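Assemble the whole structure, with the sequences as input and the hints as a guide.
Top to bottom, those sequences are chains A and B. All residue numbers for the first sequence refer to full-length UniProt numbering, where the first residue is 1 and numbers rise by one. All residue numbers for the second sequence refer to full-length UniProt numbering, where the first residue is 1 and numbers rise by one.
It is worth saying that the hints were derived from the structure and are not from the lab. Source: prediction; values computed, not measured. Each residue gets a CB set at the ideal place from its N, CA and C atoms; glycine is no exception. Hints are not guaranteed to be accurate.
Ranges of calculated distance between the beta carbons of each label pair, as one might list FRET restraints [to be verified]:
no., chain 1, residue 1, chain 2, residue 2, range
1, A, Asp154, B, Asn98, 39 to 47 Å
2, A, Ala263, B, Glu207, 48 to 56 Å
3, A, Thr13, B, Glu180, 23 to 31 Å
4, A, Ser52, B, Glu207, 47 to 55 Å
5, A, Gln19, B, Glu207, 24 to 32 Å
6, B, Ile182, A, Arg268, 50 to 58 Å
2 protein chains.
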Amino acid sequence: MPKKPVTDRNGLTEEQFLQSYDAGMYERPSVTVDMLIFTVMEQEQDNYRKLSEKSLQLLMIQRGEHPYLGQWALPGGFAGVEESLEDAALRELYSETNIDNVYMEQLYTWGDVGRDPRMRVISSSYMALVDRKTLDVQAGDDAADAGWFEVMYDVLESGRKELAEGYVEEQRIRITLQKEDIVLSGVVTITETVQGHVRRVRREIAENNGFAFDHLKMIQYAIERLRGKVEYTDIIFNLMPPLFTLSELQRVYEIILGRELLAPAFRRKIADSVTETDEFTKDAGHRPSKLYRYRVDRGSR
Amino acid sequence: MPKKPVTDRNGLTEEQFLQSYDAGMYERPSVTVDMLIFTVMEQEQDNYRKLSEKSLQLLMIQRGEHPYLGQWALPGGFAGVEESLEDAALRELYSETNIDNVYMEQLYTWGDVGRDPRMRVISSSYMALVDRKTLDVQAGDDAADAGWFEVMYDVLESGRKELAEGYVEEQRIRITLQKEDIVLSGVVTITETVQGHVRRVRREIAENNGFAFDHLKMIQYAIERLRGKVEYTDIIFNLMPPLFTLSELQRVYEIILGRELLAPAFRRKIADSVTETDEFTKDAGHRPSKLYRYRVDRGSR
DNA sequence: GGAATAGTGTCTGTAAGACATTATGCC
DNA sequence: GGCATAATGTCTTACAGACACTATTCC
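See the structure below:
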């Protein structure tokens, strides 16, 4: 059955309308994507019989231009008119790490008015998780203006004030990024207001040493989300190499969650997310460990 | 200690740079916000001794202009250059429902290239939860072009194909919105691809009767998030009136989750999210029920 | 008494927390 | 044998699922 053409109050069909539409009528904000590219790195150990320590790392770029010249920012850039937001994020990811085909998800879109002093910019943040071992070593490594920073995340304190019909709860979180002798550090306050049965959450930068724009907030938010998602999804395996030991996996969990886990409970919990192989670690100064891989035939959690 | 001015390769300080910056250099997408305003409504019951049925409702607007003239869309509009994204969302919310001070959160930012036939538009979707009883009755009620639709969400089937290094899992979800004799209906397919240890999720509209733009995808995503969040946060109380019975609360859970719950387990679970009052329901055709309120002094879950 | 819903008691199975114990390779 | 880590056994506690049962009001 043929559709009868729908016309608007000017008698135009949709096709006619679109041809006459002027896209330049309104003043517009710019749109960018900012990438939170996380990986896990091993640190060399003094005692060769001990396991090597691991740390969570984040890729940052030192700004060579105003604004925030000399400060460190997340990799990112403008979204083109002919590419999707996700494509823009993938493009930025590839240009920084030479990697595609890794886990990536959109986190949040930051739309405050003053976030960029040049002009109105709205920015979508995307988180990518990469396995350091499959990363091209050059990526963001040799460049003087880019590098992997170890991430530290400390909850400083939590205050609480009672109100008539609710309360205000404030949390202060210190984020420290370290790359050799470069240390960036800042504090984000998260204010949760509950009034009646309405809950509001606000994030503010309370202290900032070395972070450009509002990127400190983005980093705090990303770590919070990473922590949450690690508990109820399998995304952690995106940070692991194809073969890993259960102890390594447990360490990565512990680094991300910021607390220690008990081995028996841990093994029970991840038991059906992994498959064992016939291989073992070699040449450790102690009992070898069985190697596992991510069990891909299991569906999502 | 006075800071020494940082200058860039052109010898400009940040202040000088910003004064000379031309914000109009790049072609830009437009930015809009789209609102998913949910509420819970009671339906009149034929048998007065039975409890009244409840349903989840979503506010939609019929388009009076091209494109998608006559179809139904989420309320929304352009984000101004002088307002934050969140302010734009609050403004839209207020203009549709005359309500502010309700629960609202950003869900996702939709950035595909072809989502609006007029031009490139990027849209942030926000979800708001409102208690129908405190809603001004007129809002979106009498207007012929706006209204509350009952939401139905059915998982149709889930197929799965094994691949060499992973699998593809497809889920088809039917969304039906109904308002008296107006029925909108569509199917969203969610495709989850796992290759190696990389997981990707894509959403496509497989069938569409009456929804404008990609709003069907937004609705599906919002319900998915609402379901998830209801299980591990207290947001559900934003849909409840100040006083409610535990049975009512359980019904609302059941409507959102799409499955029945057992009363004893339910009561244990929400026990410390609520406080009992001295009041009871009256004039029901059966045993009166104690009224509870949201327990606000308890912190977040 | 019957209809309808409100609310509680309790058994069972599963899973997490905690701690102890055994196993293994390398020096 | 001792160091360091790998891996498992098992006790306890907590809690979710299931079902049966009691309670209360209105007709």
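To see whether the hints hold, each was checked on the structure:
{"no.": "1", "hint": "A:Asp154 / B:Asn98: 39 to 47 Å", "verdict": "44 Å, holds"}
{"no.": "2", "hint": "A:Ala263 / B:Glu207: 48 to 56 Å", "verdict": "49 Å, holds"}
{"no.": "3", "hint": "A:Thr13 / B:Glu180: 23 to 31 Å", "verdict": "29 Å, holds"}
{"no.": "4", "hint": "A:Ser52 / B:Glu207: 47 to 55 Å", "verdict": "53 Å, holds"}
{"no.": "5", "hint": "A:Gln19 / B:Glu207: 24 to 32 Å", "verdict": "28 Å, holds"}
{"no.": "6", "hint": "B:Ile182 / A:Arg268: 50 to 58 Å", "verdict": "51 Å, holds"}
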